[in-house]
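S.K.: With the sequences and hints as input, model every part of the structure.
Protein chains: 4
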Amino acid sequence: MIIVMKSDAATEQIAAVAEHLEGLGATARVSTGSVRTVIGVVGDLDGVRSVAWDVLPGVERVMSVTGPLRFVSREAQHDGTVIEVGGLRIGGGTLTVIAGPCAVEDRDQLLEAGKAVKAAGAHILRGDAYKPRTSPYAFQGLGKEGLELLAEAREVLGMPFVAEVIDPRDVGLVSSYADIVRIGSRNMANFPLLQEVGRQQKPVQLKRGFTSTIDEWLNAAEYIYNEGNHQIILVERGIRTFETAARNTLDITAVPIAQSLSHLPVFVDPSHASGKRSLVPPLTRAAVAVGADGIMVDVHPHPESALVDGSQALEPAEFSELMEDVRRLAEAVGRELA
Amino acid sequence: MIIVMKSDAATEQIAAVAEHLEGLGATARVSTGSVRTVIGVVGDLDGVRSVAWDVLPGVERVMSVTGPLRFVSREAQHDGTVIEVGGLRIGGGTLTVIAGPCAVEDRDQLLEAGKAVKAAGAHILRGDAYKPRTSPYAFQGLGKEGLELLAEAREVLGMPFVAEVIDPRDVGLVSSYADIVRIGSRNMANFPLLQEVGRQQKPVQLKRGFTSTIDEWLNAAEYIYNEGNHQIILVERGIRTFETAARNTLDITAVPIAQSLSHLPVFVDPSHASGKRSLVPPLTRAAVAVGADGIMVDVHPHPESALVDGSQALEPAEFSELMEDVRRLAEAVGRELA
Amino acid sequence: MIIVMKSDAATEQIAAVAEHLEGLGATARVSTGSVRTVIGVVGDLDGVRSVAWDVLPGVERVMSVTGPLRFVSREAQHDGTVIEVGGLRIGGGTLTVIAGPCAVEDRDQLLEAGKAVKAAGAHILRGDAYKPRTSPYAFQGLGKEGLELLAEAREVLGMPFVAEVIDPRDVGLVSSYADIVRIGSRNMANFPLLQEVGRQQKPVQLKRGFTSTIDEWLNAAEYIYNEGNHQIILVERGIRTFETAARNTLDITAVPIAQSLSHLPVFVDPSHASGKRSLVPPLTRAAVAVGADGIMVDVHPHPESALVDGSQALEPAEFSELMEDVRRLAEAVGRELA
Amino acid sequence: MIIVMKSDAATEQIAAVAEHLEGLGATARVSTGSVRTVIGVVGDLDGVRSVAWDVLPGVERVMSVTGPLRFVSREAQHDGTVIEVGGLRIGGGTLTVIAGPCAVEDRDQLLEAGKAVKAAGAHILRGDAYKPRTSPYAFQGLGKEGLELLAEAREVLGMPFVAEVIDPRDVGLVSSYADIVRIGSRNMANFPLLQEVGRQQKPVQLKRGFTSTIDEWLNAAEYIYNEGNHQIILVERGIRTFETAARNTLDITAVPIAQSLSHLPVFVDPSHASGKRSLVPPLTRAAVAVGADGIMVDVHPHPESALVDGSQALEPAEFSELMEDVRRLAEAVGRELA
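Residue numbers (the numbering used here), protein chains in the order written: chain E, 5 to 342; chain G, 5 to 342; chain Y, 5 to 342; chain R, 5 to 342.
Read the hints as simulated data drawn from the structure, not as lab findings.
A hint or two may mislead.
Treat identical chains as interchangeable: a pair holds within one or across any two.
As the list claims (entries may be wrong) - Distance condition first, Cα-Cα at most 35 Å in a straight line; then the derived DSBU-like pairs of lysine-lysine: (1) K206 - K122; (2) K122 - K148; (3) K148 - K10; (4) K206 - K148; (5) K119 - K10; (6) K122 - K10; (7) K206 - K10.
M.R.: Written out as structure tokens, the structure reads:
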């Protein structure tokens, strides 16, 4: 941590800050330049971090050098995390494909979608039973019945599934059915929910909040890890910017950044990022080429009548064609399809 | 709702969209211009809204004219909502001042802050027992013990208090103590939490998500209202933008916009918006002048040792001085201090 | 400047950076913490700044402590700049009101608007002869004829005027007519234009780019100052964010921040910030209360037929009423109307 | 265009708007729904667009269905534009690679970089003689001398070059040397400059403003096209968002969007988007896979001593290796390297 003093800070003010630091068990390295004094802080920062240094007389601002991450950073673990789900290896140089409808609507819809994505080569089925919706009057998901349909689809298709959880009170229920539980974008900073999924043992998909920095995203992963669950998959799904031509702006750069800062696998969701069917194939191709560890794509047998996000769903034939591109690109960048 | 067809849409495609609309009980008004055809949709839109019209052949995009709000809009209720709390009237031309520490730390801190803000003229005490923090290693609040200290402060000071709730499982507990329960910025789209606070009868402060549009904010209020709780106070607290000179960018324009779109009172929190003590007085002045129905200000007896957000807390003497400005400005804009 | 080394940086890498610094005439203060080494750089930074330190082996990133501003910062000049225009004093505790049409359209429009704003108490007339427009097919201004009409209005009304310049080749012409020349928001980073206005001697209004940081804004002022023109007025006019309910998001916080970082006066343009007539009065009130040194408001005798930005123009009667509020609020915050 | 009336608009107000429209030669299609009336406007919109309809009594807002683009849209020209430069075909299914130093510093640097990128397979050399810099104290380019060095490099290497122009007074000079002239990101809305490059006949690279919407970008291209120059190359180079982990956020989605809205070729500049060397290879791969018509990459023989943007420059060997990936990915997505 660095404490930058004001250019007119008095000698006693500088000394007072240094003394305060030493009193908290840290070491203050005072460095006086031509314009101002800067104090480098080394040693144990736990006590130091919580002090509002910038309200002390003479202090201009505080700059953080090292974040508070303990577990999910590359510095904490050099090798990439590999997660095993139903015989699949997620991470470690593989490319995992998740596909299926945004929301479970009924048995026919789910099985039709599931068979199509399985046939096209997807590894994991997606389909949600609980949906966070901006309006209280929009379809909110089938709840437990949706989970039962997903479990049935798993049996029929022989593929694991991932499902979202939005309420800490439902974590036990969802994780008793799903192979992977998902924290959606709106809940990335829902800390009680993060802690709850951290206390059960199914792998967790953690979507980046569409208005969260990469740093906040990794701190959210730290919440889960810190509770004991180390099987975390990060998912970039677009951020909110001034541009409104697509629903969100896919932050493709976040993939290599998150991979360099953390040992956790990083996926991309091109469907929720763009919100538009015609953009999903090019963004999927970009995601594979940029080096994502996996992709997650909405596929619906009848997008026009989908109850949620039909505008972004591929039809089965489109998905099947896209998978051809995915295979070629994965090979071109040296990724092995699971 | 307006459906804009592609410039090369075929006559049959236009007819198919119109037919689909009529089949859902809506009326299609087809209007053909020199470049493209536009279809106005009138009648009952409930069934129409959930269809992904833009995936139908020939459709370019859909434009929404009226949002799905039923209760919290000005069109639903012309007169401003007035909320009564402990003899105070919030809204209806008054200016309400909430002040106190960001988080309850201990009895001395809370009472010292409470006495100071009461003496300076604040109407309601703030102080949180549950804090959502970016890092799992930061102070998370005293929990139930904090609520008990707040209840004690209410007795000693004779002023009501507001406290945040971050977990749907704690809503009963928090609302059994607090006079007003708060949904924080990170939880504005935590729909299970919104529904829970909608089902109890204490007034609710709903902070705008720092990355939420005004439209999403009003829809979040609609979630609460729709569950039966009509006593909702909106709080603008800054949004996330590219500018990093302050913690967030106070969206002062959101105050008159929200007041024109909704009948609910709108407050401003200049402390969390700026994150910096020296900016709180000018932003408070701006908030009163823009016509906010209330302000909420962090005050701490010893900001430098605050466990949460000390950088933005005013000292009691600063707050007392600021209240002089608040009174003068409230008078200048015709607001009555409660 | 601080150079943060990677946690696994080798001793020789640290030494190489330090040596490189010393070779450029700076002093390296190496500080080794438990996780990583940090190198503080003091002394002459001119040569140091242009090196891409982060591409040297072992370097993680570079943090800047002091910006490159030499003239416009508060550190360079403690007392606020006061600018004299036609007997008016801008800055130094006064509140200056600029008003008039966005664009000069014809003699009648300009004089009608000018008489109205003069009668209501405005000090300076606005009216542009050159308009930067998003579409090449929109009205681009009257050019030289507009300047002549403005000069005529100055004679008739006895008030100075400000007009925008958008082309470095027109700076001589515009400054030969106008009392203050304006750099618009889109041209804040048009460096040849900044240099040109810096080389003439009329005061310059420098609008903040709607997507520029406060730091970039001050650097743009530095461009002008560095050419010899020290009479610069900063104008906050809203920034681009994700919120689309108003044209831009007025960054009211930028006013006290810019005033603390720089000695230059800071104005607010609530008309261009909001783009909407009904929002102009509350934002003007907020601007006065936050402590702006001046405001600039669009007034048009017939907003519905304005050729540019009619949606944001006040009618004369509205402006006259608003000036009553401005006077009361200026008094409440201790500002003296010129 | 659609005019949305307020829910309480009077019948006479609706009639007045319709009458006003008809008076301007447009046709008003009035459609009354259960909540409000909407007026569709068809016919000639040129006169209609400039009216501030939302200030008329009873009008809530105006929604635009068709933008004002006349030439650069796909609707105006279905087939993609192909531009020929020195025997190369840009657009039309090819992938063009531009590479070289950000700024020309001296003959050795330029030739060393140029030989390296030529050997690795780049088609066009980049190197700027005029640089827009945030600070007036940063290196601003060699000016005319830089152009002469570039012309010399063209002779030596046998490859065309692109160079930026930042001042309308320099357009003649720059275009007399360069094979392609570039409008940089900060100048995308510098309309006099756009018009000047539109009046000469060298192809123009138009970078997207880092804070401009895709719609504004296409309107900027329209400025150039409207002056008579139809050879325009769009370049996506990242936008400004709240995320600060990279210099900008590469808007990869803008590539397929711009390609669908316009017939002009679309390139990607991963170097300026990220500002960081380690991110350039993955972003380049993503750009090729997403379907860009070209890429532009900074390469410098000695990045650490570059006078501009050294942090983002690849070394020759890195670029050479990256070109291997580019070839494989281009083949995988069916693009032909020129």
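S.K.: It remains to establish, for every hint, whether it holds in the given structure.
M.R.: Right, here's what the structure says about each hint:
1. Taking CA atoms no more than 35 Å apart as the test, K206 paired with K122 passes inside one copy only; the shortest distance there is 22 Å, against 50 Å between copies.
2. In this assembly of identical chains, the alpha carbons of K122 and K148 lie at most 35 Å apart only when taken from the same copy (24 Å versus 50 Å across copies).
3. Taking identical chains as interchangeable, the C-alpha atoms of K148 and K10 are never at most 35 Å apart, the minima being 59 Å within one chain and 41 Å between chains.
4. Proximity of K206 and K148 under a CA criterion of 35 Å is satisfied in both settings, with 18 Å inside one chain copy and 31 Å between copies.
5. Taking the shortest alpha-carbon separations for K119 and K10, only the inter-copy value of 33 Å comes in at or below 35 Å, while the best intra-copy value is 65 Å.
6. Taking the shortest Cα distances, K122 and K10 sit within 35 Å of each other only across copies (34 Å), while inside one copy they are farther apart (62 Å).
7. For the identical chains of this complex, K206 and K10 are inter-copy neighbours only, at 34 Å across copies versus 50 Å inside a copy, given an alpha-carbon limit of 35 Å.
Checked against the numbered hints listed earlier, the structure breaks hint 3 alone; every other hint is satisfied.
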